[in-house]
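Work out the full structure: start from the sequences and follow the hints.
Protein chains in written order, with the working numbering: chain E, 1 to 116; chain P, 1 to 287.
Wrong hints could be hidden among the right ones.
Between beta-carbon pairs, the in silico distance windows are [what the hints assert, rightly or not]:
hint	chain 1	residue 1	chain 2	residue 2	range
1	P	R114	E	R42	33 to 43 angstroms
2	P	V8	E	G79	43 to 53 angstroms
3	P	R114	E	F16	47 to 57 angstroms
4	E	D43	P	S63	24 to 34 angstroms
5	P	A109	E	T49	34 to 44 angstroms
6	P	P204	E	V45	42 to 52 angstroms
Derived by calculation from the structure, the hints in this document are not laboratory data. Backbone N, C-alpha and C fix where the C-beta goes; we use that ideal spot for every residue, glycine too.
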Amino acid sequence: MTSATDGPAGDVTVLFEADHTLILLSGAVDLAVADDLEQAGRDAVDAGTPIVADVRRVDMVDSVGASFLVRLAASARDGGRTMVLRGPSPRLDELLTLMGAQQLFRWQDDTPGGQT
Amino acid sequence: MLGSFCVVDTRPRTWTERDDHVLDVLARAASSEVALVLQESMLTHPVQPDHLQVAVRYRPAASEHEVGGDWYDAFQQPDGASVLVIGDVVGHDIAAAAAMGQLRNLVRAMAFGRDDPPSRVLTRVDEAIRGLDVDTAATVLVGRIERPSGPTDATRRLLWSSAGHLPPLLLLRDGSGRPLATPPDLLLGIEPRTPRHDHTVELPEGSTVLLYTDGLVERRERSLLAGMAALQQNLSRLAGRELEDLCDDVLTATLPPAPGDDVAVLALRAHPEPERPVEQPQEESTA
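Right under this line is the structure:
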């Protein structure tokens, strides 16, 4: 799909807050950051607190990025938690919907198309 | 790791940064070549069942670092029914290409010789991914061509189930058509207990169904739905085109000059069946 040459490169940052783990995603979230995503996922699951992914600064996401979030959400649900996406990100919303994964997430934003 | 790349000089020497770079490029080229060969070895010729025509295409991404996990498949059941598959393994590397090979064969194994609807096939594949610890996620669509009232029925019907895959596009002989959009079921490799659904559409004579992977409709500057609409438009202009030509032309019209992702396409056409004898009902009503 995309490469870092035609837009901002992707970035993955994990912040451990007191009551949740925040994963900040930005730029192109694709294969180029796959290793960072995997590490972030492990850290977030190990932390054991609710996971919030801030996707407002994501400007490109492919199936690698989307399926990372889907897997994380599925494991959060297995642990009785719901993963929150801090949006909006119409692009990600569309991809997750087409992948049939929308019900695994709770969107926290106020845009049309974003769920409550 | 799937191999190693070792370079030795006959005399002592210092490796410069430039040397390292050249070797790195060489190693990458060798590994994506392996992945591409692996990929293409999985893409076999489709079946051509009676009065159905299947055409397939695979286009690798322009960048050799982006080997994909896209595949198409078409095979016949022992009873003659045709099964069509399109899938896209998450990722663009040699691991994705290898996982694609596993998934393709899992779908074949779970579908072959059984009467299960496509939704059941996908559930069984999903259970196998979990049970056999196949570390992958993928969108897959499985379809089956049926004759609703048995082998002599001239009506053909597509029965399909989609695990998070992009909807097929239907093209009728007159150029009209639509995406066969359905409420999406979850992609494979996440949750084997997820509910799955089957859908049906009747295929009139001369109609075409296009299955494709996201590389065909995905652009940085527009949404996937906009990409699908553009694809449907390109298709409608090609109504009446012979199926193999249609495949070439729709790829040319839709893909950018240097595609960033690989693309798999499977097109199916339901040809008319003029030769098929009309069978008389066994029991005439005389009441």
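Hints and how they fare:
1. Checking the proposed 33 to 43 angstroms range against R114/P and R42/E shows it holds: the Cβ atoms sit about 38 angstroms from each other.
2. A C-beta distance of roughly 50 angstroms is found between V8/P and G79/E, which places it inside the suggested range of 43 to 53 angstroms.
3. Range check, R114/P to F16/E: about 49 angstroms between beta-carbon atoms, so the 47 to 57 angstroms window is met.
4. At about 30 angstroms, the CB distance of D43/E to S63/P agrees with the hint of 24 to 34 angstroms.
5. Separation of A109/P from T49/E is about 41 angstroms and conforms to the stated range, judged on CB atoms against 34 to 44 angstroms.
6. At roughly 50 angstroms, the beta carbons of P204/P and V45/E sit within the given window of 42 to 52 angstroms.
Hint compliance for this structure: every hint is met.
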